[in-house]
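Chemist: These are the residues of each chain, in order.
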Amino acid sequence: MRKPRLCAAVSTALSLLFLLPLLSGCGAERRYSREFYGLFDTVITVTAADASPASFDRRCGALYEELSAYHRLTDAYHTYDGVVNLKTLNDTAAAGPVEVDERLFGLLSFGKEAYRLTEGRVNICMGSVLALWHEKREEGLADPASASLPEEPALKEAARHISPDALVLDETAKTVFYADALLKVDLGAVAKGYAADAAAAFAKENGWSSAVLSLGGNVIAWGAPPGGGLWRVGVENPDPAADQLLETLSLTDRTVVTSGDYQRYYTVNGKNYCHIIDPDSLYPPAYCRAVTVVDKSSARADALSTALFLLPVEAGEELLSRIEGAEALWVLPDGGVRATAGMEPFLGG
Amino acid sequence: MEHKHTQTAARDLATVGLMIALAFTLSWLESLIPFSFGVPGVKLGLSNLVVVTALYALPLRRSFPVALARILLAGLLFGNGFSLIYSLAGGMLSFGVMLLLKRGAFSPAGVSVAGGVSHNLGQFAAACILLGTNGLFYYLPVLLASGLVTGLLIGGVALPVIRRLDRAGFTENGKGEEKNG
Amino acid sequence: MKKGDLVLILGLLAVIGALFAVFWLPKKSGGGAAVVRIDGETVETLALGTDAEKRYESADGGYNVVTVKDGRVSVTAANCRDRICARHRPVSKNGECIVCLPHCFTVTVEQTAAPEGGVDAVA
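For the protein sequence lines, the chains are A, B and C, in the order given. So the first sequence is residues 1 to 349, counted in this note's numbering. So the second sequence is residues 1 to 181, counted in this note's numbering. So the third sequence is residues 1 to 123, counted in this note's numbering.
Relax, there's no trap hidden among the hints.
Per label pair, the in silico range of CB-to-CB distance:
1) I33(B) - L13(C): 20 to 28 Å
2) L76(B) - N79(C): 57 to 65 Å
3) E53(C) - P53(A): 25 to 33 Å
4) T172(A) - R81(C): 42 to 50 Å
5) S250(A) - P160(B): 39 to 47 Å
6) L13(C) - A125(B): 20 to 28 Å
7) D334(A) - P160(B): 53 to 61 Å
8) K3(C) - P160(B): 13 to 21 Å
9) I33(B) - D334(A): 31 to 39 Å
10) R81(C) - S33(A): 22 to 30 Å
11) E53(C) - L169(A): 50 to 58 Å
12) I33(B) - G229(A): 17 to 25 Å
If you're looking for bench data, these hints aren't it; they were derived computationally from the structure. The structure displayed is predicted, hence computed values, not measured ones. C-beta: ideal position from N, C-alpha, C; glycine also.
Kindly generate the complete structure, drawing on both the sequences and the hints.
Modeler: Quick look at the structure:
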């Protein structure tokens, strides 16, 4: 009987066909990781699927260049030749409209949009208040014994110059004008998220179909990791006594951003004061120790994590209920954890 | 003789169809049971029962398609691209090992144990090639142990099944000799 | 059950037992390595299974002292301004890391034999 032999031959051939990619390892990409310093005042780590170390190196270089551009544009402390950046604006935009790179313009526009979206919790025009806190924090870290809080009158005075209406953006001319001479823009709440989105878009186009990028904890992940499954993103535990990771999220094509009271803080008389300031009270809030947002847009996640940190949990849940596609997880002052229903699929890595 | 030959051939074919369907059903059933050990690759392997039985009840040219069909169908319908590669690696190695041991001093239970262990070994090898070996060796003893246990359980069920098939006259066709060409 | 079955099973059990002994015992809390990087470059890889204490110099006279004890790694001394790295709790799981930004210094736990708890990034 010829047929059975033919069957056996065909099935053997078929199975070998499937095993071939396995044996040759073709198409099998490996995981490569790298960390960079010098941008956004933090450490950037990238883990991506790539064909070889050389190819990974090349793409890392390109990514670094792309991120450097955003770093320069959002730098509040240095200016760069030929670049109109945040420092330039804070120094000169009160004198007259200044034309800016469309990327910076886009970020500023997003900042104003974030103010509306978060009902005023996230305000990129709060620079004058934040500067006072920044100064005191730096002093407090340099010499902990003499750490002190900003003076009330100074804070109140600075708070008179934080209206977003004073930030005038001309869409057509791409210019920025400060209608208030004492206005200072601070992009801390949105810059990393915005840059992360841009970096991810660039990296995808540049050949990384699967990667996870962390800009100092602002994480964005896409594609499927080599070997299948999902990317695993840990949520840092605010409690210094416990394990570093509170939760592990399994996800892809998402961004994860955490705002916490442990990220940048200093201590005055035994009490910690973190870097996120409530626009109304002008002091750091105490609603939660940290809040982690999972969203599709990193810019929005960055803004939302700050906003939710500045709101009582119930109000935060209420805000989220009116927004599509964003989920959150809070760590309460007593250590308890609360999450939106939509977080469920990502939990339990 | 001609008549008996056709009859057995027809019966073999029908058996193959039945077994593939059975294997598929068991795979589906298994996909319904949330069986998670945190270690990828640890599963009950219910459909292995059919493969082991087929190995004894059918000639090689018929039992191999059963094994292959089970992997392909279940992998394509219940898994993703990657799981298919792991299944193929494990399934093929397992089948090969069981085929070799069938003639030896082992009962279907022992063969099934070897099959279970080599199935996981094959998956492990595939993972090593695809993922690199970092940290993977931690899983190896767990995988082999689970392969042994599930192989034993499956073998325990397969044993009486095969004995009954022996008595029903099925396995004359499958005791290693290719009687029908 | 035939005799061959018993031999096979016992033999496999022996092999499995040996594998457990080799890969599980030395790893108390996920042995593997603590990878020390300065400026993104890997400077040294310390085995978590071996207690050690090492000092690493970075630019501008900076230093960080890394201590490995009982399968966990921590930064026990540093001359950076905020000493966030030194205040950090000891870490031991894949992906966990201690960062000292002023010194561009990180120590990351990698290649632990226990992949559970491993993460690709921390938010």
